[in-house]
Structures are given as C-alpha cells and as structure tokens.
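*Asks:* Protein chains in written order, with our numbering: chain A, 1 to 695; chain B, 696 to 852.
Among the hints, a few may not be true.
Calculated lysine-lysine pairs in the DSSO-like style (CA-CA distance at most 30 Å, straight line) [stated by the list, open to error]: (1) A:LYS568 with A:LYS678; (2) A:LYS410 with A:LYS351; (3) B:LYS702 with A:LYS28; (4) A:LYS28 with A:LYS237; (5) A:LYS2 with B:LYS765; (6) B:LYS698 with A:LYS28; (7) A:LYS571 with B:LYS775; (8) A:LYS437 with A:LYS459; (9) A:LYS22 with A:LYS239; (10) A:LYS568 with B:LYS811; (11) A:LYS410 with B:LYS846; (12) B:LYS821 with A:LYS22; (13) A:LYS459 with B:LYS702; (14) A:LYS410 with B:LYS821; (15) B:LYS846 with A:LYS103; (16) B:LYS842 with A:LYS459; (17) B:LYS702 with A:LYS20; (18) B:LYS702 with A:LYS87; (19) A:LYS136 with A:LYS152; (20) A:LYS136 with A:LYS354; (21) A:LYS678 with A:LYS22; (22) A:LYS568 with B:LYS821; (23) B:LYS842 with A:LYS568; (24) A:LYS571 with B:LYS846; (25) A:LYS87 with A:LYS613; (26) B:LYS775 with A:LYS28; (27) A:LYS389 with B:LYS842; (28) A:LYS389 with B:LYS811; (29) A:LYS571 with B:LYS842; (30) B:LYS765 with A:LYS22.
Hint data in this document are derived by calculation from the structure and do not stem from the laboratory.
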Amino acid sequence: MKDISQSINKVDNDEKISGKAKYVADIKMEGMLHALTLRATIAKGEIVEIIYPKLPEGYFVVDYKDIPGKNIVKVIFDDMPIFTTGKITYLHEPIALLIGPDKFLVNELLKQVKVTYKEEKPLFDWVDSVIHYEFKKGEGFKPKKGDIIIEKSYETSYQEQLYIETQGMIGYMEDNEKITLVGSIQCPYYVKNALVQALDVEDKLVRVIQATVGGAFGGKEEFPSLIACQLAVAVKKIKKPIRLIYEREEDILSTTKRHPSKTTLKALMRNDKIISLAVKVGLDGGANIGLSGVVLSRALIASSGAYTIDNLDVQGDVFRTNTVPNGAFRGFGAPQMMFAIEMFVDHVAKKIGKDPFKFRVEHLAKQGDYTSTMGLYRDPILLEDMINKAMEVSDYKTKRKLFDQKDSYKGIGMSIFFHGCGFTGSGEKNHIKAKVKLKKQGDSVEILIAAVDMGQGVKTSFRKLVAHILDIEIERVIFNNPDTDYVSDSGPTVASRTMMIVGGIVARCAKEMKERFSEENFIVEKVYEQPSYIEFDEATFTGDAYPAYSWGVNVVEVEVDPVTYQVKLHKTWSVYDVGKAIDERMVYGQADGGLAQGLAYGYLEVMNHKDGKIMQKNMTDYIIPTAMDMPPMETYLFDNPYAYGPYGAKGVGELSLVGGAPAVAKAIEQAIKRQVYKIPVTPEYIMELVNNGKD
Amino acid sequence: MAKINFKLNEEFVEIDTDLNRRLLDVLRDDFSLTGVKEGCGEGECGACAVLLDHRIINSCSTPLANVIGKEVMTIEGFSKTKRYETIKEAFAEAGGVQCGFCTPGMIIATESLLNKNPHPTDFEIKIGLSGNLCRCTGYNLIVEAVKEAIKRGEGLW
Chain A
1 MKDISQSINK VDNDEKISGK AKYVADIKME GMLHALTLRA TIAKGEIVEI IYPKLPEGYF
61 VVDYKDIPGK NIVKVIFDDM PIFTTGKITY LHEPIALLIG PDKFLVNELL KQVKVTYKEE
121 KPLFDWVDSV IHYEFKKGEG FKPKKGDIII EKSYETSYQE QLYIETQGMI GYMEDNEKIT
181 LVGSIQCPYY VKNALVQALD VEDKLVRVIQ ATVGGAFGGK EEFPSLIACQ LAVAVKKIKK
241 PIRLIYEREE DILSTTKRHP SKTTLKALMR NDKIISLAVK VGLDGGANIG LSGVVLSRAL
301 IASSGAYTID NLDVQGDVFR TNTVPNGAFR GFGAPQMMFA IEMFVDHVAK KIGKDPFKFR
361 VEHLAKQGDY TSTMGLYRDP ILLEDMINKA MEVSDYKTKR KLFDQKDSYK GIGMSIFFHG
421 CGFTGSGEKN HIKAKVKLKK QGDSVEILIA AVDMGQGVKT SFRKLVAHIL DIEIERVIFN
481 NPDTDYVSDS GPTVASRTMM IVGGIVARCA KEMKERFSEE NFIVEKVYEQ PSYIEFDEAT
541 FTGDAYPAYS WGVNVVEVEV DPVTYQVKLH KTWSVYDVGK AIDERMVYGQ ADGGLAQGLA
601 YGYLEVMNHK DGKIMQKNMT DYIIPTAMDM PPMETYLFDN PYAYGPYGAK GVGELSLVGG
661 APAVAKAIEQ AIKRQVYKIP VTPEYIMELV NNGKD
Chain B
696 MAKINFKLNE EFVEIDTDLN RRLLDVLRDD FSLTGVKEGC GEGECGACAV LLDHRIINSC
756 STPLANVIGK EVMTIEGFSK TKRYETIKEA FAEAGGVQCG FCTPGMIIAT ESLLNKNPHP
816 TDFEIKIGLS GNLCRCTGYN LIVEAVKEAI KRGEGLW
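Generate coordinates for the entire structure from the input sequences, incorporating the hints supplied.
*Replies:* Here you go:
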C-alpha cells in the first residue's frame, strides 16, 4: 500500500476549474427575493426615529420586532444582537433588512430610509476591559535588586480575511414550517444552533446546508451566524426564498477582522538568559465580545513562543470599543503574540550583546519541558533539526553575514514558532464533543461529518483517509457538503482541528468498519475521546492547553529599495512538523497560502480605522499580495507522528500563517539596520525607522 | 434598452436589454454562466475574467455596449477546448486549486497569456496572473501549474 502522504489529485478539481461548482451566489430559486442591510451611520448613540419610504407591494422591512426568539446571535460569548433594538455601538451595525424581488429597487428604497440618531461620544481608546485573564508559571515575575530588566512593546494592526467570495446566504422554507439556510460557512452547527435560539423552534425545524465555500480563513466561522439569523427571521415572516449576498465594500466594512493588539514584554535576565517573562497583551475586541476571549487565551498561552521560560507572569485584556467587532482569523491570537515574542527575543539578545540566533537556540523548548501553562511537551520536538535544515537550504549563515554590511539593503530573517492543535483548553472535551458517523451502504461508504471544505481539501483528504484504512478505491467513499439533516455534529471547521481531531475519530470508525466489512449496510458512530492525560483548568490556565503542537521555521529573504523603501521578497524557505502529512501536496498548498497571508500581515496589508470607520473599503484600498508580490516558496516537512492523530497527523491550517510576520519583519530589520516594533512594516514606517529608529 | 448581437462561447446571441448593464450580470443572470464570479465588482480581483476577442477583460467593469459585434468566451465555452484540458490537468497536477473561486479567472488568464506568449518566463507568468487575486495559494503552485501547462501543451499555443 502507498504511503498516505503521497499526493493524489483533489476530488473537486474538475468542478472548480470548469466553473461548475455552485457557490451560494450561483444558486437560483423560483421567486427568490433579494435582501440588503440597513446599517447605522454613526458609531455610538440611539436611534430616535426611522422613516421608511412607502414600500411597493411585495417589499418588506424585517427588524428586531420580527425575531421570535432571543435577539442574540449565539456564538461563544452571546452579546451580539441580530438587529439592534435602537442602541448603536459601531458604525455599520445592522438595523434591518430591506427585501424585495428587484435588487436595484431594494437598493433605491434603502437609500431613501431616513434614520435620526441621538449621538453619543464613541469610545475608541482601549480602556473598557471586558475580559481579563491572568496566570503565572513558576514564581511569576519577581525581580531582585540589581537584576537586569528589558522591556519592549509591540503593536499589530487589523487584518482582513479577504476571502475572494464575499459572505452570502440563501434562506427558504420547506413544507411551510422548516427553515433551511444554504451558505458560505465554516461551521454548519454553529449556524444551526444560532437559528434554533433566534427562531425559538425545535431542532428539527431548522436545517443548514453548506454551499461550496470560496475561501473563509476564519471569516466564515462565527460571522455567518449573524446573517443566517437575520435571513431566517425574514424567511419566517415572508415565507419566500431570500438571498443575502454581500458586496465587497459591505463585507470589508462590516464583518469581523483580526484583532489589533498591543503587547508589552518584560524580561528578567540572569547569566544572559531570560529567567522570567512578564507579558501584557491588549486586544481591541470591537463592539462585541464574541470569540475575543478565546482569541486572547490562544495569544496568552503562546506568550513564550517556541521557547521554554521557567517563570511567567501573563496578563491580557479584551477591550470593548465602538468599532466593528473583531473575530476569528486563521491563527486566532497566535500571529499577534508570535510576532511580539519573536521580535522580543532578538531585541533582548541585541541589548545584552549576544548573538540573537544563539540566544534563541539556548531557549528553545524541548521534549519534557513545561509549557506556559504547566502542561508538558510530551512528544519529541524536532526544532533544532528543523532549524538546521532551514539554515542549510537557505544558506542562512552566509547571507546573514553578507547582508550585515552597511547599506546592503538586503536581509534574511528567521522565525521559530508553534501552533497548538485543536481547541484551546478543555474545549474539545467540554464544549465541542465531536460526533462522527461512517455509513456503509452496499459497496460505498459515506462520511457523515460537519467538516467544511473551504479550499483546504477536506473532501479529498477525508475520502483518502477512509479509503486508505479500508483499502478500497477512493471513488467508493462519499463525502457530500455537510447538511445538518444528515451529518453528525463533528464540530466547527476551525482551530487546525479537522484532520487531527475529527480525522482521528473518522479513522477509528473506519478501523471498526474494516473488521465488519463483510456486513452489507451499517453505521459506525463514535465520539471524541480526549487522551486521558490531558487536563486543563480554564479558570487558572493550568495544564495541557492542547493535545499536540505543530512546529515551524520560516526563513525569508528580502530587499528594501533604498529610495522608496518598498520591500521586495526574494525567496522563502519553510520547515514544518505537522506530524504526518495526509497528502503532501495539499500540505504544501496550505503552507504557501498561510505563509503568504502571514508575510503580507507583516509588511503589506494595511488596515486601520478613523473614528470607527475602516479606512480601506475595497480591494483597491486594501492591498493583498498579487502573483508579482509573492516569491518562490520552498517547503520541507518533517515526520513526527502524533499518537492520537490519524497516521500521526497534527494540525496544518494555521501553523503556516503564524511565523510569516516575524520572519519578514526580522529580514527587514537586517536590511535597514533598525529595530521593528510594529506590523505591517510599510515604506512609511521604514522611513520613520531609518530617520529616527535604532539598530 | 436596445437589441444587440455578439458571439458568446462560439454561438451568435441576441439580447434586448439595457446596454449599461455590466457584462458580468448579463452573463450570470441572463445566460446562467455562473462560472464567471463576482469577487470585488471593481476590476481588481479578476474572478469575473472572460475573453473578449481572445484578450482577458474583467466583465464587472465592462458595460454590455462594449461587446457589440465582438466575441466573448467564458470558462464555460473555453472548457470545451483542448487548450482547456491541458490547463485543467496542469492545475490539478500542480495543486493550483484550493477554494476554487478565483480558479476560472486564473484559467482564463492563463489562456490569455499563453495565447499571446506561448513560452513566457517565470516573471512574465507572474505579470500575466497579476490581475487575478487568489487568497488561498500564495500563487506559488498556480505559477507551477502554468509552467506545467506550457510543458504539456507544446504546440497548442
């Protein structure tokens, strides 16, 4: 039998390449109406009055008064209204839907709506802490008289997911009572559970189906639950199929983004080593808390990066501001933290006059070390070998020396990082409780899970996994887009959990099926079983925060234009330990795509707000890389099988993003001989550093 | 409103409509050619790319009036050609497809490039693809796919 990692062609290539794949906007239904969203034009205040134009027959307004159940979108922290009842907490907050058969007329009507507000002074400063977490490792941060303390602060700004397919959904009624939503979503059961609460109906009266998803990156994790609730309420009232597809500008201005962050790190030094680290992280949560607490947790747990530091004092806050709510984005708090800690270790080394590379290697985490939360790194950590490989293929040492020359304007940077696989803390065991079904019917086997293929290749990798275990042709394994009427709640498609956690359960089902394969028709059903040694106390942040860790090393070579300060990426070299690749080429695809997003987060993608208004409202203003911006990317994989992952697989999806920003920032540091404290490192920031910064 | 004729995917078509409408909407709504995608609506992302007289254009920023008497080819029409088969196999083999939303546009861009320049350098490939945004792949494997298509399609362009 072939090694599982050997690549196969993806099962959905043909339909996607030929344009036949049906994304939500491609679905037509008889008599379908169009919905557009009426949004607030102020950042904070109260609605005094709304005057709607006279609506022609067949046109409707749907607002909070139409909600049968709770006017709250069920997420992790339930504080986002489906429609405002009058209180405005951010610019573009949804007030109502306008719905009718002619989209252009709906748009005209929308422009004629007059809303008067009583404005209040909005809050943009990070002062209203709505979540505060803190924990200590060892003795925390306790300097003695005469100790050297080094303190630095780091900032990261917004990042927009910019999936090429905007948010969208279609809702309709079946049999005059059941409400069905078809959408571009990552988490069918998040949407379903939100609908049950909003409509206040029995479980069986709501159905959620995934359409082909045109990119998500976290942006379709919790946000679609909001538009699903709005649309479901509208369908319940109007009893006709309705589509709600965002245009790009609306999508950028009103949907969740990566949390801007400010991190202060303090190192307590003894004998040229970091003895203790004090960490203070602030995240801008925007107007609603939503997932922000979980994002903060992941950031805090990653606070010592790929290094072991015996004593930690870690604190973090989510601040509420009158800005668009922030939420899930690939990496989920880790990219912010990994940028800060990776820059900091170099800056500390420079401050004490040590070689940054040696200094980092001396602090590397090793098997048997305690994690930041006093869990244990149980599995082998291959970082030293991975670093050596990355240095060898990139010729790191020679280039590092060469580019150190004055006025080289070239730089090479290396980031070393990890990503915790699966939900943070006890999430898998206590909250998600994933269920999986595998069904044998005659000659074929169907995988019944809620995992969404949003481009990462779940449909292919899962069919391949099952076919491999059962030793049958992949054509005999069926995996349709999740439909909550048929599939089990295997949890959301997030947190680099799909192959390791859900794939692990699927593999157990397949093994049992194999033993009974002579039977004609049967179903094997299994639930997630947490390895018994994994315990995490969410209240105190103590224990194993993740069942396993994926590791990575990125090396990036850049050149900075001495006149314009434009950054040109020359090449990247990456080494990853994802346990075992279920399909090498798909892992390379994730590696390239994640790194591209991580690099661009570090030097290219500028997003900010002014008085609560996002200043980049389309693809002309918000620059993501084109083919011209991305350099050749080389990727190497190290096998390091994890006992509970299928064939040893760990998480892949997010890992490749988290190291990009620090790697490119370090390369730019070398090129301009200045220290970088914030991302993105734009030409404007480089100019500021060249004029006023220091090496 | 006006009645106009143009060639669409190798067939002569006639349509009576507002000539200010975007070609994108006409293709998707009136001809059900949904392989043509809307990503940005302002000519930045290339998801709506089609061939107009064998050259790539963004159908979202092309008013219908611009195609009178001309030849429009969408992914649906192009997918019936031998060149398409070659590009398709190359994209599959190289792993150039993830979410797929940019893919039809990328295929059109590849055809437009190779039609003009059958042996582009890596740099020319990147220029040729630079009007099409992809958020999934980082472009690396798409560039590989185009190189693979060039290798497999020797003589086709």
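*Asks:* With reference to the structure, classify each hint as holding or not holding.
*Replies:* Results for each hint:
no. : hint                   : verdict
1   : A:LYS568 with A:LYS678 : 18 Å, holds
2   : A:LYS410 with A:LYS351 : 22 Å, holds
3   : B:LYS702 with A:LYS28  : 25 Å, holds
4   : A:LYS28 with A:LYS237  : 21 Å, holds
5   : A:LYS2 with B:LYS765   : 51 Å, violated
6   : B:LYS698 with A:LYS28  : 25 Å, holds
7   : A:LYS571 with B:LYS775 : 37 Å, violated
8   : A:LYS437 with A:LYS459 : 15 Å, holds
9   : A:LYS22 with A:LYS239  : 24 Å, holds
10  : A:LYS568 with B:LYS811 : 28 Å, holds
11  : A:LYS410 with B:LYS846 : 34 Å, violated
12  : B:LYS821 with A:LYS22  : 28 Å, holds
13  : A:LYS459 with B:LYS702 : 37 Å, violated
14  : A:LYS410 with B:LYS821 : 22 Å, holds
15  : B:LYS846 with A:LYS103 : 46 Å, violated
16  : B:LYS842 with A:LYS459 : 27 Å, holds
17  : B:LYS702 with A:LYS20  : 21 Å, holds
18  : B:LYS702 with A:LYS87  : 54 Å, violated
19  : A:LYS136 with A:LYS152 : 20 Å, holds
20  : A:LYS136 with A:LYS354 : 27 Å, holds
21  : A:LYS678 with A:LYS22  : 41 Å, violated
22  : A:LYS568 with B:LYS821 : 14 Å, holds
23  : B:LYS842 with A:LYS568 : 23 Å, holds
24  : A:LYS571 with B:LYS846 : 24 Å, holds
25  : A:LYS87 with A:LYS613  : 18 Å, holds
26  : B:LYS775 with A:LYS28  : 24 Å, holds
27  : A:LYS389 with B:LYS842 : 27 Å, holds
28  : A:LYS389 with B:LYS811 : 41 Å, violated
29  : A:LYS571 with B:LYS842 : 18 Å, holds
30  : B:LYS765 with A:LYS22  : 28 Å, holds
The structure fails to meet hints 5, 7, 11, 13, 15, 18, 21 and 28 from the earlier list, while all remaining hints are met.
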